[in-house]
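Student: Quick mapping for you: the protein sequence lines, in order, are chains Y and F.
Last residue of the first sequence: number 233 in numbering that gives the first Met the number 0, and the count goes up by one each step with no gaps.
Last residue of the second sequence: number 409 in numbering that gives the first Met the number 0, and the count goes up by one each step with no gaps.
Keep in mind that the hints were calculated from the coordinates and are not lab data.
No experiment lies behind these values; they were computed from the predicted model shown.
Any given hint could be a false lead.
As the list claims (entries may be wrong) - Chain Y is faced by these chain F residues, among others (derived, beta-carbon under 7 angstroms):
(1) A325
(2) G351
(3) P402
Said to hold, decoys possible - Per label pair, the in silico range of CB-to-CB distance:
(4) F:A2 to Y:G41: 38 to 46 angstroms
(5) Y:V227 to F:A21: 25 to 33 angstroms
(6) Y:G41 to F:L18: 41 to 49 angstroms
(7) Y:R5 to F:A21: 52 to 60 angstroms
(8) Y:V227 to F:L18: 34 to 42 angstroms
Cβ atoms here follow ideal geometry from the backbone N, Cα and C, with glycine treated the same way.
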Amino acid sequence: MLIRTRNLVKVYRMGDTEVRALAGVDVSIDKGEFVAVMGPSGSGKSTFMNLVGCLDRPTSGEYWLDGKAVSDMTGDQLATVRNRHIGFVFQHFNLLARTPAQENVELPLVYAGIAKQPRAAQALAMLERVGLGERAHHQPAQLSGGQQQRVAIARALVTEPLIILADEPTGALDSHTSLEIMALFQALNRNGMTVVLVTHEADVARFARRILRFLDGRVVADESNLPVEAAVPA
Amino acid sequence: MSALQLLRIALRALAINKLRSALTMLGIVIGVGAVIVMLAVGAGAQARVEEQIRALGSNLLLVMPGTTTAGGVRMGFGSSSTLSEDDVAAINREIPGAVAAPALRGSAQVVWGNSNWSTQVYGTTPEYLEARQWPIAAGRGFEPAEMTSGGKVALVGATVARQLFGDADPLDQQIRIKRVPFTVIGVLETKGQSLIGHDQDDVILMPITTARSRVIGSANAAKQRSVGTVWVKMPQSADTREFEGQVRALLRQRHRLQPGADDDFSLRNLAEVMAAQEASSRVLALLLAAVASVSLLVGGIGIMNIMLVSVTERTREIGLRMAVGARTRDILGQFLVEAVTLSLIGGLVGVGLGIGAATLIASFAGWRVVLSPQAVVLAVAFAVGIGVFFGFYPARKAAQLNPVEALRFE
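Looking at chain Y on its own, in the form it has when it is part of the complex:
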């Protein structure tokens, strides 16, 4: 079991009112799954992602990542977990401006303390894997949206994480490019990578093999899905 949560609760305090973003979530995700987390805004799916991604700590409840209890780690320990085991892909790519693609991909390795030479080699190899080997020295502004998201995926993959967490990865892309990105995720998943995808679009969720539906801070449905193959028209 790669991810296991038990009675995960997250309460935000906004002024005098308390907001229960997560009201007790029990979820297990196995290695090699492709899960789409769905739900309307305010349903708690983003909060769930942040907890699973070790960006935040639960108010109560427990979370084991690859058998390790993450819920009581310190901030710097969480940073190390994020660095080694989790690859993030964001809606707005979040690449460093005026920084070549290759250096963007190198960033997690920099914080992992990898020396310059192997770092550059690994980053370049990962860019080639997402089909951008020739654009390693382009800056984000010189790349299309789809290409930028591929750089971001290469950055997520470069530390060989246990899991890829993608938060609305196609939200800023046109439908054709979205299809390319989803095809890439499916290809990664076929090679054994665990992918968890947050989206509110059913069109995107249908590429996953399992769909978790969130509402009011709870999982209301957990269904398997026969994925649509994201065949890219030539």
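Position chain F against the provided structure of chain Y, taking the given hints into account.
Tutor: Relative to chain Y, chain F alone:
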């Protein structure tokens, strides 16, 4: 994360906002430049004072004839010729280590060939040069025979040598002082200005016997052995107060003054006067540097301001860095290095600017400036310290951001 790594990140971030970085540095540049200039000017003033002390000779006591009271009217110092050559001899003889020399002063017109020059004439003894620590640059000093027989020989100061002889060699030349022919037997080393800006090299020395009989022409024959002033050099080891006391006691005894009676001479310790002046110039230099460092402080506030803006602007970048594994100290280090890089580059440019400005001041205003490596190191270190101090708060603010909120920041 290595320091080099952090430096590369900092340099890239600064390069993205070149104009802003340059303007932020400007505060530090001006601050460090001002500190460098002020320290250089202050050190220059101090060096001038120290030079004057050296020129005068350290551990020097000046004895001047005292006052007389004529019918209840007290005259000023020097109104009476109470010091004699015998007093000088007594000091040399009775106080161990003392070197005393008389000086009988007058002014005269000096003629050589068809050039002439008005200068000070001092009648003195060979001890004078030792007391004043004044070496002879060329030629020789007075012989004992010349002292007793009133030899018509003269030592000329550097200014007189230049004014009277120009490029010619003054040695063995015949000059006339008040129509009396003298032979120039030596030229003195350059001594420089006195404390009050008086040119000490504009002088001619001759045996005191010659001066009295031939040049300065004493009107009162009764006081034939009187002298104008007495210079006393005390030995290096002597305690100033004690030495002064010895000289005073000796002179009082020789002048047969009753206990309780006023001295008929006055003693002045010139080194002490100048030490006070040196101390005041040091305080002035310190004050100037302190004022200049205020501008450095203002520059530091500028850095803090820009770093706070930068942290806010780059909140999402910080969030991303945290998401991919940056720890608190990585983010803290990144922004701290950025602030220190700003202040360090600003400091180095400021040093260049300060040295340039100090050099300009030296050549245009003619002020003496002294650039010391310590001052440069101090100013740069101060600038870096400012960077650390004012960079820490914004850097800590960045490091303490919540990654979820930072990533969501618009």
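Student: Does each hint fit the structure? Answer for all of them.
Tutor: Taking the hints in turn, this is what the structure says about them:
1. A325: Hint on F:A325: holds, closest Cβ of chain Y at ~5 angstroms, below 7 angstroms.
2. G351: violated, 29 angstroms
3. P402: holds, 5 angstroms
4. F:A2 to Y:G41: 38 to 46 angstroms: With Cβ atoms ~45 angstroms apart, the hint holds.
5. Y:V227 to F:A21: 25 to 33 angstroms: violated, 55 angstroms
6. Y:G41 to F:L18: 41 to 49 angstroms: Given range 41 to 49 angstroms: holds, Cβ gap about 43 angstroms.
7. Y:R5 to F:A21: 52 to 60 angstroms: holds, 55 angstroms
8. Y:V227 to F:L18: 34 to 42 angstroms: violated, 51 angstroms
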